[in-house]
Amino acid sequence: MSTQYEFKSRWLPYVLVLPQMLIVFTFFFWPSAQALWQSFFVQDPFGGKVVFVGLTNYIRLFTDPAYSYGQSMRVSIAFAMAVAFLSMAVSLFLATQANKKLKLGSFYKTMLIWPYAVATLVAGVLWLFMFNPNVGVIAWFLKHKLGIEWQHLLNFNQAFSLITLSASWKQISYNFVFFLAGLQSVPVDLIEAAAIDGASPIKRFWKIIFPLLSPTTFYLLVMNLVYGFFETFPIIHQVTAGGPGKATSILVYKVWRDGVINLDLGGSAAQSVILMILVVALTVAQFRFVERRVNY
Amino acid sequence: MKRLLFISAILMTALLLFSSCQKKEAVSTGPITIEFWHAMTGKNADNVQSLADKYNASQSKYIVTPIYKGSYSDTMNAGIAAFRANAAPAIIQVYEVGTATMMAAKGAVKPVYELMKEFGQKFDPKIYIPTITSYYSTSKGEMLSLPFNSSTAVMYYNKEAFVKAGLDPNKPPVTWPEFFEVAKKLKASGMEGGFSTNWISWIQLENFSAWHNQPFGTLSNGFEGLGTELVFNSPLTNKHFENLYQLSKDKVFIYGGRENKANPLFTSGQVGLHFESIGGYGNFLNTCKFEFGVAPLPYYPDAPGGAPQNSIIGGASLWVLNGKSNEEYKGVADFFSFLSLPESQAAFHQNTGYLPITMAAYELTKSQGYYDKNPGPEVAIKQLLNKAPTPNSMGIRFGNFNIIREIEDQTWEDILAGKISVKDGLNKMVADGNAELRKFEQLNK
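Read top to bottom, the protein sequences are chains A and B. Taking the numbering used here, the leading residue of the first sequence gets 1, the next gets one more, and so forth. Taking the numbering used here, the leading residue of the second sequence gets 1001, the next gets one more, and so forth.
Errors might be hidden in some of the hints.
Residues from chain A that face chain B, not an exhaustive set, calculated with beta carbons under 8 Å [said to hold, decoys possible]:
| hint | residue |
| --- | --- |
| 1 | Asp44 |
| 2 | Pro45 |
| 3 | Gly47 |
| 4 | Gly48 |
| 5 | Lys49 |
| 6 | Lys246 |
Rough simulated footprint, nothing fancy, chain B against chain A, three-plus residues with beta-carbon under 8 Å [claimed, not checked]:
| hint | segment |
| --- | --- |
| 7 | 197-204 |
| 8 | 258-267 |
Source of the hints: derived by calculation from the structure; they are not laboratory data. Glycine is no exception: its CB is placed at the ideal position from the N, C-alpha and C atoms.
So here's chain A without its partners, still in its complex pose (with noise of 0.2 Å):
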């Protein structure tokens, strides 16, 4: 039986949903509107001076090396695809091991999820704390148990590693719920089946459960992308500051830096144009081409 409600008035809807689109339009349709209209221009920064550069800005990005626009994306790309698979890696894992029938089972799901509370930018203090190479416990253990000198404000690599590690650690528990819920639903009678014809713990994970885990992972595929491209700021803003030299300056660090710091506005629009786009895309292709192709 439908319980849909018919509006007798006309205009009524419209008035309903007025609010939200006044939101929608002040906080979002109206800032970006800007960014693209700013990003055809220089200007100081106190507005005296405004010059119409057309497409200036976005061909500077490209063909200016002072930009690294490109070495910005590449870096971007590797670290939420780095981000997205090692925090779903572990957490399928963590959430297989919790969907055991265990004692004191529901107090390490708990546990699992408590990281979520943490602030993205906390969690970044928190493994910088510990990999400071000059204080960091981490650090000193590396470096006087195991001889490896940890200095990731010079070290690429030790950098990159940090950002991911800090990163990952952070989205974790988010994963872990999906998957978790994920792994309850799959039906145990499938899995009792395959038991039966003798397929083992592992054979059953690959070939039954992974593929009926596929809309949860792929969700998660996305999510954690978004997560690596858009809400990482704080920890490569408080961890790295996008060294060592510019080389973990990732898009959203950068259209930061120019924009606010170095007062760049118009080339710091044209980065946000772009990352625009970037969502757009990211959001299309979610719909469009791989959700189809997922068993659901």
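Fit chain B to the given chain A structure using the hints.
Here is chain B on its own, set in the frame of chain A:
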């Protein structure tokens, strides 16, 4: 009827939302409020407030209200956004790297020397410490903004580590060659490393050039025009950076990060020598569990230019924004005169560790016996007063200065990581920095 009520409720909410966004027009009867946006935190913010309180208590015509707006860059951005929305404060604190940007914004700021003349305040630029005011003045000596919190770079050394290494704790190294020898001895005595430094761009490039009376850029480091070019890739800087690089390979020099991130190396006793702003003196007093000393920056005795010259400042100054009423400006001018009083300056200096901006405040602090207990700050003042500033040591005046410093920081890390040679690195800093200067020139012509 019910529906109508509901709709009107929604509309009312929307209206309320809008009206609350609108700016309130200041209708003043009573005293005139002067907004003062600043970026000071903790104890320093309390000191700003107490300066304002003292001023407000001293007269009844104006009320100065300090408002904290976040970090230096946040404050500057807030000021810019407010100016563009016609809601700017009268006074805004801007850090030294923003100086050229503020200067270039001709329609946006009211130069302090003009303000003081226009509103009849007794204003004698000569009472100020020249190295401090020159940083914020035109090449003709017209003061554009009022120096507020100024600091300079000094050398800190761990006296206990000196004793342990068999060195005289009352004889810190004076020249760079001596300094490197001492650093090696400190490391040999069992320390993690010999020395570290904060602010590679501000201390080891800008102050280094001024201290050796070498040009950092052409046209008096940018004071005389926008056509300035960086020239710090000199044989002297090359030699200095080569020394630092070689010692970093031997772990005598330990890199601790950008800005002031290297401090823990010194406070935890891992290195015995360190370079930091005198603004960090109070912090070190609180965190160092050992006795430390403050000494002037070292120099190369064989360098051309007659080092040591004088060091240059960092910190921030107060800018007055355009578009305010004459009544407000009168109050600002009056407040600035109050800020320049020896009593105000001496109190701020002693409570925050920032340098006094007038000679009278320095003398007053000295007569109060403050330096007997706190010798550190006086080292910094003496370093600033060492010689009358030359075009190479008045200060630095570059557009896009933030980006230039960032380029220097980034390239410095690439040098230390061995990705680029010292020579090529310095040349790259200069070339990339010059490109930024040209962009700024083009926009502000």
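So, going through the hints one by one against the coordinates:
At its closest, the beta carbon of Asp44 (chain A) sits 6 Å from a beta carbon of chain B; the interface hint therefore holds under the 8 Å criterion. With 8 Å as the threshold, the beta carbon of Pro45 (chain A) comes within range of chain B, its nearest partner Cβ sitting at about 5 Å, so the hint holds. With 8 Å as the threshold, the beta carbon of Gly47 (chain A) comes within range of chain B, its nearest partner Cβ sitting at about 5 Å, so the hint holds. Interface restraint check: Gly48 (chain A) against chain B, minimum CB-CB distance 5 Å, threshold 8 Å, status holds.
The criterion of a C-beta within 8 Å of any C-beta in chain B is met by Lys49 (chain A), whose closest approach is roughly 6 Å, and the hint holds. Annotation: Lys246 (chain A) was flagged as interfacial toward chain B, and the flag holds, the nearest CB pair being 5 Å apart, inside 8 Å. Only residues whose C-beta sits within less than 8 Å of a C-beta in chain B count toward coverage, and the segment 197-204 of chain A has 0 of them, not enough to reach three; the restraint is violated. Only residues whose C-beta sits within less than 8 Å of a C-beta in chain B count toward coverage, and the segment 258-267 of chain A has 5 of them, enough to reach three; the restraint holds.
Comparing the model with each numbered hint stated earlier shows that hint 7 is the single one that does not hold.
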